[in-house]
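Novice: The lines below spell out each chain.
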Amino acid sequence: MNELASRAQTLQASIWEWLEAIPDPEIPVISVVDLGIVRAVEVSDADAEAARCTVVITPTYSGCPAMGVIAQDISAALRQHGLAEVAIRTQLAPAWNTDWMSEKGRRNLQQYGIAPPAQQVVDIRGISLRRQAAPQVQCPHCGSMQTVCVSQFGSTSCKALYQCKDCREPFDYFKAH
Amino acid sequence: MTHKTDYVRRLGDNVLVLSQRLSEWCGKGPALEEDMALINVSLDLIGQARLWLAYAAELEGAGRNEDQLAFLRDAHQFHNLLLVELPNGSYADTLARQFLFDVWHYFLLEGLCESSDARIAEIAQKCFKEVTYHVRRSTDLMIRLGDGSEESHRRMQDAIDALWMYTGELFTTDALDQAMQADGIAPDLAELQQQWQQHVTEVMREATLQLPAAGLWMQGGGKQGRHTEHLGYLLAEMQFLQRTYPGASW
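Taken in sequence, the protein lines are chains A and B. Taking my numbering, the leading residue of the first sequence gets 1, the next gets one more, and so forth. Taking my numbering, the leading residue of the second sequence gets 1, the next gets one more, and so forth.
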């Protein structure tokens, strides 16, 4: 029994490692784990031949079209690693937020030219329905803080559009959400 | 249980129909940023519609899924507000409709976050974060365009005046709403109306726009499946593929 439990633990750790290698389909420099959407990995029947696992994921934005692809990618990758049965469960609560993004994920975004979230997520309930001052965001290209928000809505749900006043380059900002 | 099914389906119908309307702007927005913003809102709403309709299908227990609810029902089986099915009109009409809806949607979701039904509360919490962005944007645009040029002011005022008669339905409490409020599933619409009225009044004042007079005659019927002629055309376009090639997928 103990042996089986420890085997389950080892397998669970391996699964987390394998998931680390699965990129977000729209932002390929960040893995699904670094993005914070994998909430749990559950393993049952850990004896090698018929191991089964459930990966619990949570959507970033309700309409994000990447979620379907992410579920498929996770299933396919884990099967390739020899898991007999892979189930994906979607969990809504607690709702995903960008504080769950890893430090590594933030660095990778920056290097890729997407400014990572510049703020901690706050509980938005009860605060103003008015537009908030756009956060101060550092330009991922030249490092300048002289940037301006062009639009709160960018090329994907999770990003806003900014422009740098120094190097003049436009860039995506991953919104704190 | 049937009450709850109907109520959740209503929630889904509102956002599904509005999402489809907004998607008609794709590639036609007056500026690239506006185009992207509207389509982002549309995308959020269709995601939300999916969450509500999937739950409604589960509660219904008839073996249907959210796609079948979206694509295989006729107009009289949709119970969305009339406001969301109205044609896009000019950009001013679209923005005014969005503003009136977003403020209502924001306060509704805030109330639903406290729903006695755990699944409804979960979905509402997810949607609420997204709708906060929507309402901030439409509030901002109302003020900029209302208090903008002579032309933009006139267009926003005309749009608000034309849409006003569709706002009564946001707050009419029918038997279904009453049952949901009694069970603590949905918030009190009279309270919601006060919150809505307060924000809309403030924004209109700041936008130098005239709030339509109180007590005007209001349209109704969408929540009971009695629609304007516009919904049928919208559904014809949205449902064409699944009606013509049932079960098609890719």
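Note that these hints are calculated values from the structure, not bench results. Watch out, some of these pointers could steer you wrong.
Claimed, not checked - Once the Cα atoms are required to be at most 25 Å apart in a straight line, the calculated SDA-like pairs of lysine to any residue come out as:
#1 B:K129 with A:K165
#2 B:K129 with A:V148
#3 A:K104 with A:A40
#4 B:K129 with A:Q91
Novice: Run every hint past the structure and note whether it holds.
Specialist: Against the structure, the hints:
The straight-line distance between the Cα atoms of B:K129 and A:K165 is roughly 30 Å, outside the 25 Å bound, and the hint therefore fails. For the suggested pair B:K129 and A:V148, the alpha carbons sit about 23 Å apart, so the restraint of at most 25 Å is met. As the CA atoms of A:K104 and A:A40 are separated by approximately 19 Å, the hinted pair is consistent with the 25 Å bound. Of the pairs offered as hints, the one joining B:K129 and A:Q91 holds, with about 16 Å between alpha carbons and a cut-off of 25 Å not exceeded.
Figure legend: structure checked against the earlier numbered hints; the only hint not met is number 1.
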